[in-house]
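Visitor: Sequence:
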Amino acid sequence: MIKSILVPVRGDGMVATVLAHAAELAKVHDAQVNVVHCRAQAKDLMPQGIAMNDFARKVMTEQAIELANRQEDHLRGILHRLAREFGLSEDASMDGSATCNFAEEHGRMADVVKHSGRLTDLIVLPKPQRERNLGQSSLKAALYGAGRPVLICPGQLQPDETFAQHVAIGWNGSLPAARAVASSLDIVHKAKRVSILTGGKVQSHGPEVDELVAYYAQRGITADVVRFDGKDPATGLLEASKDIDASLLIIGAYSHSHETEMLFGGNTERIVDKTEMPILMAH
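For this note's numbering, count along the sequence shown from 1 and bump the result up by 8.
Calculated from the structure, these hints are not laboratory results. Check the hints yourself; a few may be wrong.
[Unchecked claim] Below, simulated DSS-like cross-link-like pairs (lysine-lysine); rule was C-alpha separation at most 27 Å, straight line: (1) Lys282 / Lys239; (2) Lys35 / Lys11; (3) Lys250 / Lys198; (4) Lys239 / Lys198.
For clarity, every value in this text was computed on a predicted model and none was experimentally measured.
Generate the whole structure from the sequences, applying the supplied hints.
Guide: What follows is the structure, encoded as structure tokens:
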């Protein structure tokens, strides 16, 4: 059951994208969207490696705090406007409707994700920008530190009425894939069409795709099987999802360690880098 959705935000220009996707899911599941602004601490805004006397440090600290306050006020105004545009109510007492709550936490975004994410049903993050070294630590914190499923929103993509209506599930029989299936049952139940994408060999001791079809059938979900060339699973999954016009891809994340995938460019990392569609991941 999806009843709480965490949206950690900062000044990276992705607020509208992640909140729009969270809002669409919240409206379908009558959930609350908890938006947490990760506020930088004053010490993190101070120039590094420059010697300063006590007076200069005090002045710059006060200026840093004032700047952070202005940024918080500006972002909160944007969030209130976007919540209204996306159909979210700020009245938490309204049962049976999608609501939105705003909070502020001090510290690094990855630490905020670990703390706030452990008691939420879904975490919504922007697609990491590897070239700017932005977002990868937050994704790792969500999957490993919070242990929750993560919805990754690419670019400036805005969801439309097709979002999550045709769901594709990447299946290779692995433990992460099985966890992704279990974590996304509510979303899959609400979809109008479900496709299981499979290619190459199933992992050792992993259930075959027909067993996943039966698993879904026991839960009232009809799923089709789409097979693709498994020589390059990352490219195959994305191309197959595009070919069948899926609007959400669900995959297991990091069958190997995250560090190994980062070093050798594993399938998960390549899917995240290349995707132009929303991806729900679980580890």
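Visitor: If you test the structure against every hint from before, which numbers come out violated?
Guide: The structure breaks only hint 4.
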